[in-house]
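*Asks:* Each residue of the sequence shown is one higher than the one before, starting from 553 at the first, in the numbering used here.
Quick caveat, the hints were computed from the structure, so don't treat them as lab data. Treat the numbers as computed from the prediction; the structure is a model and nothing was measured. Treat the hints with care, since some could be wrong.
Unchecked claim - Per label pair, the in silico range of CB-to-CB distance:
1) Y577 / I622: 16 to 26 Å
2) A605 / G629: 31 to 41 Å
3) S645 / E564: 12 to 22 Å
4) D690 / R567: 12 to 22 Å
5) D561 / G608: 34 to 44 Å
6) K680 / P579: 30 to 40 Å
Claimed, not checked - Here are the computed lysine-lysine pairs in the DSSO-like style, where the Cα-Cα straight-line distance is at most 27 Å:
7) K680 / K627
8) K570 / K627
9) K670 / K570
10) K628 / K670
11) K680 / K570
12) K628 / K570
13) K670 / K680
Beta carbons: idealized from backbone N, C-alpha and C, even for Gly.
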Amino acid sequence: MMSNKDRIDAAELVRHAKAARERAYAPYSRFRVGSALLDEQGNIHYGCNVENAAYGPTNCAERTALFRAIADGHKKGSFAAIAVVGDTDGPVSPCGVCRQVMAELCAPDMPVYMANLKGDLVETTVSKLLPGAFGPGDLASS
553 MMSNKDRIDA AELVRHAKAA RERAYAPYSR FRVGSALLDE QGNIHYGCNV ENAAYGPTNC
613 AERTALFRAI ADGHKKGSFA AIAVVGDTDG PVSPCGVCRQ VMAELCAPDM PVYMANLKGD
673 LVETTVSKLL PGAFGPGDLA SS
């Protein structure tokens, strides 16, 4: 029997990210972003950006999806792929903060699908997005 994970390709994951984008709360920037995170069991965790008038508390779509999955009981490293989509000229790229969170919670070789509403798609990996990432092993013990 084929798992859900085996049936979901990059294009399908991007379609889920587009659906998540529709839920974004972006009254200030009007820059809506959606993300779809696929876990190893084939479940999809949605994320969208959620802005705040104070700006600092704003959360990106990728982090929303990852934090939601962790809050739902999924463990670090138990993710198969993530897609992010925005209304940009080229495929939208995760910000530096999201790259750091992905480096912490995802396998270095996990696929990251960056897309836009026009259908452009670029595939990369977590480690290619943030080479030399700071991680738990970099924390000095006292």
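*Asks:* Are the hints correct? Go through all of them and say.
*Replies:* Hint-by-hint comparison with the structure:
For the pair Y577 and I622, the supplied restraint of 16 to 26 Å holds, since their beta-carbon distance comes to about 21 Å. For A605 and G629, the hinted distance range of 31 to 41 Å is satisfied, since their beta carbons lie about 35 Å from each other. Evaluation of the 12 to 22 Å hint for S645 and E564 yields a pass: the beta carbon distance comes to about 21 Å. Checked against the hint of 12 to 22 Å, the pair D690 and R567 fails, with Cβ atoms roughly 37 Å apart.
The given range of 34 to 44 Å is respected by D561 and G608, whose C-beta atoms sit roughly 36 Å from each other. Between K680 and P579, the C-beta spacing of about 33 Å keeps the proposed range 30 to 40 Å intact. Distance restraint check for K680 and K627: the Cα-Cα separation of roughly 22 Å lies within the 27 Å cut-off, and the hinted pair is therefore satisfied. Taken as a hint, the K570 and K627 pair is honoured in the structure, with Cα atoms around 25 Å apart against an allowance of 27 Å.
With a C-alpha separation of about 11 Å, the suggested pair K670 and K570 falls inside the 27 Å cut-off, and the hint holds. The hinted pair formed by K628 and K670 fails the criterion: a straight-line CA distance of about 32 Å is larger than 27 Å. A C-alpha spacing of about 23 Å is found between K680 and K570, which places the hinted pair at or below 27 Å, so the restraint holds. Proposed proximity of K628 and K570 is supported: the alpha carbons are some 25 Å apart, at most 27 Å.
A distance of roughly 24 Å separates the Cα atoms of K670 and K680; the hinted pair therefore holds under the 27 Å criterion.
Going through the hint list in order, the structure does not satisfy hints 4 and 10.
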